[in-house]
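Visitor: Each residue of the sequence shown is one higher than the one before, starting from 1 at the first, in full-length UniProt numbering.
By construction, these hints were calculated from the structure, which means they are not laboratory data. If you're wondering where the values come from, they're calculated on a predicted model, not measured in any experiment. C-beta: ideal position from N, C-alpha, C; glycine also. Some hints could be false.
Claimed, not checked - Cβ-Cβ distance ranges computed for the label pairs, FRET-style:
| id | residue 1 | residue 2 | range |
| --- | --- | --- | --- |
| 1 | G84 | Q36 | 20 to 26 angstroms |
| 2 | D32 | Q86 | 37 to 43 angstroms |
| 3 | G84 | F60 | 18 to 24 angstroms |
| 4 | K25 | I77 | 20 to 26 angstroms |
| 5 | N92 | N14 | 32 to 38 angstroms |
| 6 | E34 | G84 | 39 to 45 angstroms |
| 7 | E64 | I40 | 19 to 25 angstroms |
| 8 | E64 | K15 | 32 to 38 angstroms |
| 9 | N14 | Y88 | 26 to 32 angstroms |
| 10 | G33 | Y88 | 34 to 40 angstroms |
| 11 | D31 | C79 | 20 to 26 angstroms |
Said to hold, decoys possible - Lysine-lysine pairs mimicking DSSO-like chemistry, simulated, CA-CA at most 30 angstroms apart:
| id | residue 1 | residue 2 |
| --- | --- | --- |
| 12 | K15 | K25 |
| 13 | K91 | K81 |
| 14 | K25 | K91 |
| 15 | K25 | K81 |
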Amino acid sequence: MQTAESTHEPVENNKLIGWKYIDGKWHFFDDDGEMQFGWIQDGHAWYYLNDEGEMQTGWFKDGEADYFANSKGVMQIGCIKDCGAQYYTNKNGMIQTVGA
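Using the sequences and the hints, build the whole thing.
Guide: Pasting the structure below:
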């Protein structure tokens with residue numbers, strides 16, 4: 001059974017618009033009701049949606065680059081502390097170095 005919760009209300013023709021929580025995963029639908037994939041910007045935050053349109057949290061890869069998103073799916077930049085290690089990103093959020 002598919003369930004959906006929303007942070008935006010549906011508009012004309014019952015299209016899904018904005019963030020929707022479906023089967024335990026967050027997805028984003030544009031103003032035409034099309035599910036989005038890859039990088040999206042919502043407000044000032046960047047999010048990554050995998051090939052199934054699911055918002056990613058924690059560590060993930062996009063191509064050869066590693067990224068980290070917090071528990072709300074927001075891409076993190078700067079210094080990231082995880083499991084006792086420090087990681088540093090460039091301004092685009094790509095992991096550059098690992099600290100001790």
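Visitor: For every hint, state whether the structure bears it out.
Guide: Verification of the supplied hints:
1. G84 to Q36: 20 to 26 angstroms: violated, 35 angstroms
2. D32 to Q86: 37 to 43 angstroms: holds, 42 angstroms
3. G84 to F60: 18 to 24 angstroms: holds, 20 angstroms
4. K25 to I77: 20 to 26 angstroms: holds, 24 angstroms
5. N92 to N14: 32 to 38 angstroms: holds, 37 angstroms
6. E34 to G84: 39 to 45 angstroms: holds, 41 angstroms
7. E64 to I40: 19 to 25 angstroms: holds, 21 angstroms
8. E64 to K15: 32 to 38 angstroms: Holds: the Cβ-Cβ distance is about 35 angstroms, inside 32 to 38 angstroms.
9. N14 to Y88: 26 to 32 angstroms: At 45 angstroms between Cβs, range violated.
10. G33 to Y88: 34 to 40 angstroms: Holds: the Cβ-Cβ distance is about 39 angstroms, inside 34 to 40 angstroms.
11. D31 to C79: 20 to 26 angstroms: With Cβ atoms ~36 angstroms apart, the hint is violated.
12. K15 to K25: Answer holds: K15 to K25 is near 18 angstroms, not above 30 angstroms.
13. K91 to K81: holds, 17 angstroms
14. K25 to K91: Given pair K25, K91 holds - Cα atoms ~27 angstroms apart, limit 30 angstroms.
15. K25 to K81: holds, 25 angstroms
This entry does not satisfy hints 1, 9 and 11, going by the numbered hints stated previously.
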